[in-house]
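Q: Here is what each chain is made of, one letter per residue.
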Amino acid sequence: MVIYRASSWLSRAFSTVSSHPLRVCIVGSGPAGFYTAEKMLKAHQEAQVDIVDRLPTPFGLVRSGVAPDHPETKVVVNQFSRVAQHERCSFFGNVFLGSSISLCELRKLYDVVVLAYGAESDRVLGIPGEDLAGIYSAREFVWWYNGHPDCVGLNPDLKSTDTAVILGQGNVALDVARILLRPTAELATTDIASHALAALKESNIRKVYLVGRRGPVQAACTTKELRELLGIRDLYVHIQKEDLHKTPVDEEELKNNRIQRRIYELLSKAVTTGPSHPSPGQRELHFVFFRKPDRFLQSHERISHVAGVRLEKTSLHGVEPGKQIAVGTKQFEDLGCGMALKSIGYKSKPVDGLPFDNQQGIVPNIKGRVLSDTSTDSQLVEEGLYVCGWLKRGPSGIIGTNLYCAEETVASISEDVEQGLLKSTSRLPKPGREGLLQLLDDRNVRVLPFTAWEKIDSEERRRGSINNKPREKLATWEELLKVAGE
Amino acid sequence: MFISKLSRVGVWMVKELCRGKSRTLTSAGYTHRPSSHYLQTLSEAKVSRGAIFQKHRLFSSVNSGPSEEGSEPEEEISVTFVDKDGDEKLIKVPVGMSMLEAAHENDIELEGACEASLACSTCHVIVMDMEYYNKLEDPTDEENDMLDLAFGLTETSRLGCQVIAKPELDGVQLAIPSATRNFAVDGYVPKPH
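From first to last, the protein sequence lines are chains A and B.
Quick note: the first sequence, position 103, residue 103 per UniProt numbering, numbers continuous.
Quick note: the second sequence, position 79, residue 79 per UniProt numbering, numbers continuous.
Hints listed in this document are in silico derivations from the structure and should not be mistaken for laboratory results.
Keep in mind that the hints are not guaranteed to be accurate.
[To be verified] For each label pair, taking beta carbons as the anchor points, the in silico distance ranges come out as:
| id | chain 1 | residue 1 | chain 2 | residue 2 | range |
| --- | --- | --- | --- | --- | --- |
| 1 | A | Ile325 | B | Val95 | 48 to 58 Å |
| 2 | A | Val327 | B | Asp141 | 56 to 66 Å |
| 3 | B | Asn144 | A | Thr451 | 36 to 46 Å |
| 4 | B | Thr140 | A | Ser414 | 48 to 58 Å |
[Unchecked claim] With a Cα cut of at most 25 Å, we get these calculated DSS-like pairs of lysine-lysine:
| id | chain 1 | residue 1 | chain 2 | residue 2 |
| --- | --- | --- | --- | --- |
| 5 | A | Lys241 | A | Lys255 |
| 6 | A | Lys42 | B | Lys84 |
| 7 | A | Lys42 | B | Lys89 |
| 8 | A | Lys367 | B | Lys89 |
[Said to hold, decoys possible] Coverage of chain A stretches by chain B, computed from C-beta distances (three or more under 8 Å per stretch; other residues unrestricted):
| id | region |
| --- | --- |
| 9 | 75-82 |
| 10 | 258-268 |
Cβ coordinates follow ideal geometry from the N, Cα and C atoms, glycine included.
Put together the whole structure using the sequences plus the hints.
A: See below:
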C-alpha cells in the first residue's frame, strides 16, 4: 500500500517551482478540469496546479459518460494524461470536496480555486409515480454500463419486460437507446463494464421508445449520434409521418439552424427509406414526438413497479423561432413498459459555502468568476473562486465545449492576476499543495496520485486483453482502492 | 507501424527536451500506449476514414523525415495560420499532410482532442478566403456532423485534420477560432449556425 507523505511532495515542489508560485486548485478532473489545468499551465509559468477528484480515476465523463462504443471520443485522455504529468501539475484522487476537505479550507490553502466538478445529480420530472421500481435516471444507467463505482449495484431488470421507454431525446437518451438495442456482439469488444455486458446479453428488451415533448425540428440530439442510432444493424425504426409536418415557425427555425436542419433531414430520410412494418423478432426503435409524461403507471402484478407511462399530447406555442414551447392538450394516451429511463438532464450539486442557483442548477458567475450574491443587482465576486464546465453553464455541450469554457475562465483568472487581486504581496504566501497534503494526511485521507491511476489503468488493460476488450473496468470502490495501492 | 510509433515518441521526446522539460521514458511510453491501442481496435473493428487517415499520417511522418535517405524532395505549399491572438505564422507544408499535423509540427496551437479520428471538432479552422475554400473537396457527412458542433462555425469552416495539403492550396490562410476574439473571413460574414 502506498501512503502518500507530504514530505516527498515538499521536496519535489521546491525543486521545480519558484519560491512563490501561484497556487491553483482545480476540483474535478473531467474535460472542464483538465482543459482549465492545461490553459492555466500555459498562461502562467509560475502556476502550480493541483487537480483533485473524488474518484481514484481521472477524466470524469470521458470515462463514465462517453459511451463504450465511442472509443475515438475517448482519445482525448492522451492529451489529459500529458497535462497530469506536467512538472507543475499534480492529480490527487480519492479527495472529496465537502467531506475530505471543505471549500472554505481549500480557499485558504490556494490563491485560485476552480470548481469543475460537473453535475452528479438529475433533474426530476415531478410527476406521480416517479419513485416506482423500474424507473431509472439515464445518468445512473450510463454510470452503470460505464462501470462507475457508485452505480455498480444498480442492477436494472432487463429480463422481465420487452419494452423500455426513454423520456428525452438528447444525446444521452440516444446513447442509452443504442446500448439497449445494439447487438451485444458489437459491445463485447468495447470497454463496457462486464456486469452490464452480462445483463445486456440476457436482456429481453426489443422495443425502445424515445419520447420528446416537441417535434423533429426541435430534437436535442446531435447528427452523429442520430446517424449512428438509425444505422444499427437490423433495427426497425418508426416515426409517425405526420409528426414531420412543419409549421412556418418550424421552417424559420430550420433556416437558421444548421444542426436542426441536418437532424430533420436524417429523420425524414428514416421515414421514407425504412420498411413500414417490423419483421418478426426484429428490434424496434420508436420516436414519439409531441408527447410529455403526465404520470407513471403502477403494475397490477408487480407491487410498486412501473407498468407504463401516461403521455399527454402537446402542441407548440410561441411564434419566435427557437423559442417554441410544448403545451399539453389534455389528450392522454398510455404507453406500456416495464422499464423507464428519465433522460431529462443532469443537475449539479452545491457544496457548503458555495453560492448556488437552485433554479438553474448552476453556480452564478460572470465569465467564470463566482458571484457572491444573486439576490441583489450588485455583482460582488468571490475572491479567488472560479467555475468551469457544467457547474458554470449547465449540463450541455460536448467535450470540446469545455475548451472554450476553460479559455474564458482562465482569461478571467489572468485578468485578476494582472490586477493583483489574487496574490497580494502584503499577504503571506498560500501553502498550496503542501498544505493540502498535510491536512489530508492529518485526516487520514488516502490521497491517490496519478501513479495510482496508472496502476489501475494497466491492470484494467491487462484484464481487458484477456477478453479482447480495450480494458476491463474495475467497477467497485474496493477493487479500485486495492489495485491503486498495489 | 511499431517503428513509426517509436520514432514519433522519439521526436516528441527530443522536442520536449529542447523545451527544457524533463520527462522520463516511462511517462512518454505511457501516454502513447492508449493511442496505439485505439488504432488497433479501430482498424480491426471499424475501419473509418479517420483510422485510414491516421495510418497514412503515421506512415508519411516516417517517410517525410529530413534525414530519410534516398527519398525525393517533397513538394511543399505555403500556409498561413492566424492564431487565437490574431498573430500570423507562415509555414511550409508538404503535399499530402493534414493541416492538423502541420500545425502541430510547427508548434501552432491547434487542438486535436480525438487525434484525427473524426470524433471531435476541436481542430476547427476557418478558411479565410472563399476562393480557397471552394478548392477543397466537400466535407463528408461525418465531417459535417462534427462541424455541426464546432465553436463559432462559419460558412468556410473545416476540420484541420481533414484539410490535406495539395498544390492548389498554396497560399491558403487558416484562422483558429477563439472564444475571446472575433474576425471576419474575406467575402464572408461569420454567422451563428
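Q: All the hints need checking, so say for each whether the structure fits it.
A: We went through each hint and held it up to the structure:
| no. | hint | result |
| --- | --- | --- |
| 1 | A/Ile325 <-> B/Val95: 48 to 58 Å | holds (53 Å) |
| 2 | A/Val327 <-> B/Asp141: 56 to 66 Å | violated (35 Å) |
| 3 | B/Asn144 <-> A/Thr451: 36 to 46 Å | holds (42 Å) |
| 4 | B/Thr140 <-> A/Ser414: 48 to 58 Å | violated (38 Å) |
| 5 | A/Lys241 <-> A/Lys255 | holds (21 Å) |
| 6 | A/Lys42 <-> B/Lys84 | holds (14 Å) |
| 7 | A/Lys42 <-> B/Lys89 | holds (19 Å) |
| 8 | A/Lys367 <-> B/Lys89 | violated (29 Å) |
| 9 | 75-82 | holds (count 7) |
| 10 | 258-268 | holds (count 3) |
Of the hints listed earlier, those the structure fails to meet are numbers 2, 4 and 8, in rising order.
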